[in-house]
Amino acid sequence: MKYLILLTAVIFLANQTYALTTEVKGFVGLDILKFYKTESSTPTLQTGIGTLDLKFYAYHDNISFKLKLDLDDSEMNEAYNLFEEANATYRITDSFKITAGKGLVPFNQKRYGIVESAYLDGGSPLGGINSWRDPDNKILIILTNGSYKQGYMNHFTFYGESKQIERNSDGSLKISVDKNGYESLNYKTTKDFQTKDQRGFANKLEFFLGKLTVYGSGIYYYNDAYPMDSWALDAGGRYVTPELEIWLETLYGFYSTHSAAKYPAFKQYEKLIQLGMEKRLNQNFFIGTNIEGMLVKKHTWQSQMDDHRQMKLEIGPKYLIRENAFVTFGIVGEKKKTYRNSVYKSTKHLLGTALKLSFWY
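Each residue of the sequence shown is one higher than the one before, counting from 8 in the working numbering.
Keep in mind that a hint or two might mislead.
[As the list claims (entries may be wrong)] Within a straight-line C-alpha distance of at most 25 angstroms, the following computed BS3-like cross-link-like pairs (lysine-lysine) qualify:
| hint | residue 1 | residue 2 |
| --- | --- | --- |
| 1 | K181 | K274 |
| 2 | K274 | K203 |
| 3 | K156 | K269 |
| 4 | K117 | K352 |
| 5 | K156 | K104 |
| 6 | K342 | K355 |
| 7 | K218 | K286 |
| 8 | K278 | K344 |
| 9 | K44 | K342 |
| 10 | K355 | K344 |
| 11 | K170 | K195 |
| 12 | K117 | K170 |
| 13 | K181 | K269 |
| 14 | K355 | K304 |
| 15 | K198 | K269 |
| 16 | K278 | K342 |
| 17 | K186 | K269 |
| 18 | K104 | K117 |
| 19 | K269 | K352 |
| 20 | K274 | K170 |
| 21 | K181 | K198 |
| 22 | K170 | K181 |
| 23 | K198 | K170 |
| 24 | K342 | K304 |
| 25 | K170 | K62 |
| 26 | K44 | K352 |
| 27 | K278 | K355 |
| 28 | K269 | K170 |
| 29 | K32 | K117 |
| 30 | K304 | K269 |
| 31 | K352 | K274 |
| 32 | K117 | K156 |
| 33 | K195 | K181 |
| 34 | K269 | K195 |
| 35 | K117 | K218 |
Because the hints were derived from the structure by calculation, they are not lab data.
Using the sequences provided together with the hints, build the complete structure.
Written as structure tokens, this is what we have:
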């Protein structure tokens with residue numbers, strides 16, 4: 008019976024006329040040269056691929072499909088982990104649409120710095136312990152109303168983690184113990200999730216005021232394996248003209264995980280700020296600067312209070328080779344100060360330069 012239904016469907020679809028439009032887009036960011044030095048290490052010269060994204064789009068009437076491959080950060084041997092986004096969007100009206108599948112939760116604006124990613128995207132050469140980062144690879148449903156023409160858009164998201172904690176047949180957590188007695192949770196990437204185990208909600212409201220865009224957002228996450236619920240608030244804006252771009256982002260959040268999680272934290276409070284500017288000097292040359300700060304107070308499962316204070320400054324020129332390609336040279340400085348139980352522990356400094364080639368296709 009099922010083969011008859013399948014055959015009928017194939018014959019029906021083969022006799023329909025579809026105006027299907029497809030598109031392939033990509034972005035490549037190459038670290039041509041990266042030269043960083045800290046006081047406790049010898050200078051290192053690096054080169055390689057910084058970012059590699061490939062996106063496939065398909066459009067038919069008021070339905071669109073998106074597939075984004077995670078080529079620079081995925082584990083090919085793990086099921087469902089190759090694609091970072093795989094979702095469909097149905098536009099019900101000009102001002103209302105619904106998106107479902109796997110993708111990115113609309114929460115922050117994720118503005119790249121000069122030659123390094125933002126703290127909110129893990130861009131710390133000295134290493135950051137902040138947990139609220141770019142919320143991608145989520146299984147989600149997004150309800151969006153409003154439009155650019157109307158001057159606002161609101162995105163409401165219901166989501167869950169695609170990389171989930173493995174459980175035993177009785178529902179208990181599957182925990183591994185190494186030869187030294189350290190416990191660790193086991194994870195697997197899946198294509199769905201159980202709301203009784205985990206669930207998250209987020210809402211982002213944007214206003215488009217000519218050259219200025221401002222927004223505010225909130226996010227909440229529950230996991231029955233974690234001692235407390237996690238949440239964050241984010242606000243920022245962006246001013247863009249052909250000659251000048253200014254960006255600002257702020258975040259305040261709380262995070263809690265299991266003692267055997269990959270990054271365990273009983274209670275963790277985070278404050279982040281990013282402020283940057285890029286000025287066009289002539290047709291091909293730009294100059295930009297980006298400054299970020301991060302305060303993380305972490306109450307560990309060992310009853311210790313870790314206090315991390317970080318600051319990063321980037322400055323450098325950008326040369327536009329063509330409309331879809333540019334070269335950036337940047338000077339990077341970062342400072343990280345750590346306290347434990349209110350007692351000073353250490354200070355790290357980093358200074359370096361980087362040359363990057365970026366292009367879209």
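Status of the hints after comparison with the structure:
no., hint, result
1, K181 / K274, "holds (22 angstroms)"
2, K274 / K203, "holds (22 angstroms)"
3, K156 / K269, "violated (44 angstroms)"
4, K117 / K352, "violated (31 angstroms)"
5, K156 / K104, "holds (15 angstroms)"
6, K342 / K355, "holds (6 angstroms)"
7, K218 / K286, "holds (15 angstroms)"
8, K278 / K344, "holds (15 angstroms)"
9, K44 / K342, "holds (12 angstroms)"
10, K355 / K344, "holds (6 angstroms)"
11, K170 / K195, "holds (5 angstroms)"
12, K117 / K170, "holds (21 angstroms)"
13, K181 / K269, "holds (14 angstroms)"
14, K355 / K304, "holds (18 angstroms)"
15, K198 / K269, "holds (21 angstroms)"
16, K278 / K342, "holds (16 angstroms)"
17, K186 / K269, "holds (17 angstroms)"
18, K104 / K117, "holds (23 angstroms)"
19, K269 / K352, "holds (23 angstroms)"
20, K274 / K170, "holds (21 angstroms)"
21, K181 / K198, "holds (19 angstroms)"
22, K170 / K181, "holds (14 angstroms)"
23, K198 / K170, "holds (9 angstroms)"
24, K342 / K304, "holds (17 angstroms)"
25, K170 / K62, "holds (21 angstroms)"
26, K44 / K352, "holds (21 angstroms)"
27, K278 / K355, "holds (20 angstroms)"
28, K269 / K170, "holds (12 angstroms)"
29, K32 / K117, "holds (19 angstroms)"
30, K304 / K269, "holds (18 angstroms)"
31, K352 / K274, "holds (20 angstroms)"
32, K117 / K156, "holds (23 angstroms)"
33, K195 / K181, "holds (11 angstroms)"
34, K269 / K195, "holds (13 angstroms)"
35, K117 / K218, "holds (18 angstroms)"
The structure is inconsistent with the numbered hints 3 and 4, although it conforms to all the rest.
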